[in-house]
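Chains A and B, in that order, give the protein sequences. Going by numbering that gives the first Met the number 0, the letters in the first sequence line up with residues 0 to 168, in that order. Going by numbering that gives the first Met the number 0, the letters in the second sequence line up with residues 0 to 272, in that order.
Among these hints, one or two may not hold up.
Calculated pairs, EDC-like style, for lysine to aspartate or glutamate (alpha carbon to alpha carbon, straight line, at most 16 angstroms) [said to hold, decoys possible]: (1) B/Lys55 to B/Asp226; (2) B/Lys55 to A/Glu52; (3) A/Lys157 to B/Asp34; (4) A/Lys12 to B/Asp60; (5) A/Lys12 to A/Glu52; (6) A/Lys6 to B/Asp60.
Here are some chain B residues pointing at chain A (derived, C-beta under 10 angstroms) [what the hints assert, rightly or not]: (7) Met0; (8) Asp3; (9) Arg4; (10) Gln9; (11) Leu10; (12) Arg31; (13) Phe32; (14) Val46; (15) Glu56; (16) Asp67.
To be clear, the hints were calculated from the coordinates, so they are not data collected in a lab. Backbone N, C-alpha and C fix where the C-beta goes; we use that ideal spot for every residue, glycine too.
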Amino acid sequence: MDVQQLKPLLIEKLPRLRRFARTLTADAADADDLVQEACLRAIERVAKLRRQEQLDSWMFSTMRNIWIDEQRRRTVRTGSGLVDSQETDELRTVSDAADTLGARQLTDQILGLPEGLSSVLLLVTVEGYSYRETAEILNIPIGTVMSRMSRARGMIAKAIGHADQGLKT
Amino acid sequence: MTSDRDFDLQLSAYLDGELEPAAARALEQDPRFADRISAFREGDDLVATLFADDLKEPIPDPILAAIDQADRKAEAIERPPSTPPSAATIAQFPSQRRPQGPNFLRQAASLLLAAAIGAGAAWIWLPPKTIETTPGWIAQVADYHRIYANEVRHRVEVPASEIDHIRAWLGERVGGLEVPDLSSAGLEFQGARLLVANGAPVAQLVYIDAEDRMFALCVTPRPGTDDATAQTRSFDDLAAISWRANGQALVMIGPADTPELSEAARLSGAVDA
Chain A
0 MDVQQLKPLL IEKLPRLRRF ARTLTADAAD ADDLVQEACL RAIERVAKLR
50 RQEQLDSWMF STMRNIWIDE QRRRTVRTGS GLVDSQETDE LRTVSDAADT
100 LGARQLTDQI LGLPEGLSSV LLLVTVEGYS YRETAEILNI PIGTVMSRMS
150 RARGMIAKAI GHADQGLKT
Chain B
0 MTSDRDFDLQ LSAYLDGELE PAAARALEQD PRFADRISAF REGDDLVATL
50 FADDLKEPIP DPILAAIDQA DRKAEAIERP PSTPPSAATI AQFPSQRRPQ
100 GPNFLRQAAS LLLAAAIGAG AAWIWLPPKT IETTPGWIAQ VADYHRIYAN
150 EVRHRVEVPA SEIDHIRAWL GERVGGLEVP DLSSAGLEFQ GARLLVANGA
200 PVAQLVYIDA EDRMFALCVT PRPGTDDATA QTRSFDDLAA ISWRANGQAL
250 VMIGPADTPE LSEAARLSGA VDA
């Protein structure tokens, strides 16, 4: 593959790349920076990208690596610790959880999944990777993929359940 | 009985096709199975809808410009460079970067971008494709296909001679079923069987071509947004063309690099196959 073949492929994938980037970063601007950096890296290393079919997983994996590096750089600079995936069964409340939960607030709750869960959810249920492939992309154990999928689904089921109850009152 | 937490772990793996068959069968017998899988599936559908919405956002121009500039920079490097590669090759986020490269490259890229945007920017913005929800089911169907393609006597469960029964039986399982006539694509209907993928029923309609190679149209219920636009995936030696219609997800699957596959998908209702 050469640069001229790679460029339209990257542009075509941009919506999916941005979507994945947002599951890594909390911030939309960081996500766009991450995508841009990964695309530039792909272009620089085009000679190493042997097969088009592997480009997606290579891009996801590269974004993950760049983001880890960036988080470390920020930790060093600001002295704040890295935020780990919270071991809680509760969603982060992005908006105030009112007594009656409308669809919008349910969406916010789902988007408020703790770090690490939404990436796994996206790669497995939407991008269609196996647990093993997801583990390789995110560089985490397969058991962690499995437990994060289960936790994510449990939290979402609970949020939907609360939303249903809220609408009934 | 296993704890709720362990049950959820297994059920989640079951939904993703990651639970071995013996454990899967045991799980299906658990009294918690029906309600919990329904709740998980509802959550999966909602998540898929939210993630699909993400794709609709327009791409910011700076990303497109950066790709375009990098393209030129990479080409410039391939020729003997008059200036050395810039600091942009260092992995730092753009917001923290020093200015990249000679001014004329950025200006040329901006002019090109402005002209393209003025011209409607068709070459920059490719409309996002609808991403199929839970594509894992297609991988499972591909696995089944590979195994059944080697069968001769037991290629189907119910033969083509019982086509009315097939329509009624599998139609009831998957929410309606047509058996398309694919003879103009050179495919002859052989019969059908019922598969399972991600805990949901899949109708498998089996066809063969003149060389006795197996093709199949597989149909599974999938409420949500229909999109008849074909999505193509490859699984080593097999190719799969999928789309959604009438509250179902459909896939035409067969040997890779066969023109009959696209034609068969079009005859079955896929668009742009």
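Hint check:
Straight-line distance between C-alpha atoms of B/Lys55 and B/Asp226 comes to about 15 angstroms, which keeps the hinted pair within the 16 angstroms bound. Taking the CA atoms of B/Lys55 and A/Glu52, the gap is near 24 angstroms; set against the 16 angstroms cutoff, the hint is violated. At most 16 angstroms may separate the alpha-carbon atoms for a hinted pair to count; A/Lys157 and B/Asp34 meet this at roughly 13 angstroms. Simply put, A/Lys12 and B/Asp60 have alpha-carbon atoms about 15 angstroms apart, close enough for the 16 angstroms limit, and the pair holds.
Simply put, A/Lys12 and A/Glu52 have alpha-carbon atoms about 12 angstroms apart, close enough for the 16 angstroms limit, and the pair holds. In summary, the hint linking A/Lys6 to B/Asp60 is supported, as the alpha carbons are separated by about 15 angstroms, within the 16 angstroms threshold. At a threshold of 10 angstroms, the smallest CB-CB gap from B/Met0 to chain A is about 17 angstroms, leaving the interface hint violated. A distance limit of 10 angstroms between C-beta atoms decides the matter here; for B/Asp3 the minimum to chain A is near 9 angstroms, and the interface restraint holds.
Of the supplied interface hints, the one on B/Arg4 holds, with its beta-carbon coming within about 8 angstroms of a beta-carbon of chain A, less than 10 angstroms. The beta carbon of B/Gln9 comes within 8 angstroms of a beta carbon in chain A, closer than 10 angstroms, and the hint placing it at the interface holds. Checking B/Leu10 against chain A by beta carbon gives a least distance of about 8 angstroms; that is within 10 angstroms, so the hint holds. Against a cut-off of 10 angstroms between C-beta atoms, the interface hint on B/Arg31 is violated, since the closest Cβ of chain A lies about 12 angstroms away.
Residue-level restraint check for B/Phe32 is violated (minimum Cβ-Cβ distance to chain A is 14 angstroms; threshold 10 angstroms). The interface hint given for B/Val46 holds, since its Cβ lies 6 angstroms from the closest Cβ of chain A, which is under the 10 angstroms cut-off. At a threshold of 10 angstroms, the smallest CB-CB gap from B/Glu56 to chain A is about 7 angstroms, leaving the interface hint in force. The interface hint given for B/Asp67 is met, as the beta carbon of that residue sits about 8 angstroms from the closest beta carbon of chain A, less than 10 angstroms.
Violated hints for the displayed structure, listed by number in ascending order: 2, 7, 12, 13.
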